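Build the full structure now, drawing on both the sequences and the hints.
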Amino acid sequence: MTSPAVSILPLGRCAWMLVLGDKVSRPLHHRVTELASRISAARLPGLVEIVPAYATVTVFFEGNAGEMRARLDAICHHEQSEVISPEGCGHPERSEGTESRLHTIPVRYDGPDLQSVANQTGLPVAEVIRQHSEPEYLVYLLGFVPGFAYLGDLHPSLVLPRRSSPRTRVPAGSVAIAGAQTAVYPLTTPGGWHLLGSTPLKLFDPERDPAAMLRAGDRVRFEPVR
Amino acid sequence: MIEIEKAPPFATVQDQGWRTGRAIGLPQSGAMDPLMLGLANSLVGNPAGAAGIEWALGAGTLSTREQCELVVLGAGGVLVDRVPADPGHPVLGVPAGTRLEIWPRPGHRFLYVAVRGGIDVPQVMGSRSTYLPGGFGGFEGRRLKSGDRLPIGPALHSGLGGNVHPRITPDPSDGDVTLRVAPGPQWERFDDRARETLLESRFTVSAASDRMGYRLDGPSITPGSSATLPSEAACMGAIQIPDGGQPIVIMPDGPTVGGYPKLAVIFGADLRLLAQCLPGRGVRLSYSD
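In order, the protein sequences belong to chains B and U.
Quick note on numbering: the first sequence equals residues 6 to 231 in this note's numbering.
Quick note on numbering: the second sequence equals residues 81 to 369 in this note's numbering.
Any given hint could turn out to be false.
Unchecked claim - For the chain U half of the interface with chain B, some residues (derived, Cβ under 10 Å), not all of them:
1) 106
2) 115
3) 215
4) 232
5) 263
6) 311
7) 322
8) 324
9) 325
10) 367
Derived by calculation from the structure, the hints in this document are not laboratory data.
Note that the coordinates shown come from a computational prediction; the quantities given were computed from them, not determined experimentally.
Built from N, CA and C at the ideal position, the CB exists for glycine as well.
Have a look at this one:
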């Protein structure tokens, strides 16, 4: 099984975006993290940073764009000619510091939107909690604010649109859902997601190293606590 | 120590920002006009990465609590103990207790105050920039207000001295600003008409513009088949086209990822010219790959 072609698109003059697909799926994201770790392992001269997302790996660089493109081309070509292990049947080689880690996040399910989520989904509150805390989530990407990790996939019966009126202040540590995603607010910011509960863990602490607890490709479980 | 005796409407401590951090959602942040801050630093003998005060949108007053050498670049004028400073000699060696009244240059958004030794707020992840959306960095993670006292760091070198041509602070003239753009990842997914609209039209800087993003008013650009994507990396200068068709340019505090198609990206070196534009200023984009 060979993987589909990767297209390399410019993000201005300071980054190349490697596009592996246009959907949100775990198998595709596994290819994203595998490609990101292979680029990282290649220690490309001029590399500034690699940003994995749902279906893309973006490589920020300094220096000659053409040379960087040629090097990325070679790495992607290597991916195309290589046999990719089907999901769960192998552990693609990852460079140091990019292995997937499993985190358990304790959650007190007492959020201000818990009851309204129960009403909107037609589920009892206990079932909302059970369905939210059951899966092992994948960290697809970080963004919005530092340390904000987009986790998926949410149980289909919990999928709701964002709140019609966003809150101007969502406290740090709030555990929330929107669409097919869930997340923990790492900082106190405005936000439009439904708040199910909260965790005492700090998902982002600028004084800590590393500052962000999660990185793309990690896995997360939520553990209900009282 | 420098005291903010009367804060301008918007001022923060900034340096050149975070070089890396996008993978955890940390934007580059830092000065909106990094060239002007870097130049100000050079004039007082600081490394270009030293922190200074980014000052916007109005007048204010500083007072020195110790003898210091400082420079105000990009201002409309400076009164030093009520005496107008010579704009050709922006580097000022002043004793403790000096009051500086500073006001912006008409038509420009940001001016910078650098002091020999730099503003010595604690480094956070390697930068002294203020990241307002996250409430960290800089001086207590917030805008400066009257009464704040900013520590000054140890000086490393002597400055370049005081003889500076007033035109040394490069800035756009009063007319429209022309910015070079390179293709964004969705350049090919927009149709010819959308690309023409971007490159042939005159836009104006919207009042809805801040350190996170500048909106451009003008003809609407049809996103076409490029409507919302699964979130992917963005970058400073990226021109996003949301469903409404009104372009939004990502500025230093803007998001590191997003789902809006990015038609083009403004050259890094030109972004400061946009940053300096006040609402209503005309902007044209010229293609250069």
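Quick one: which hint numbers does this structure break? Sort them smallest to largest. 2, 4, 7, 8, 9 and 10
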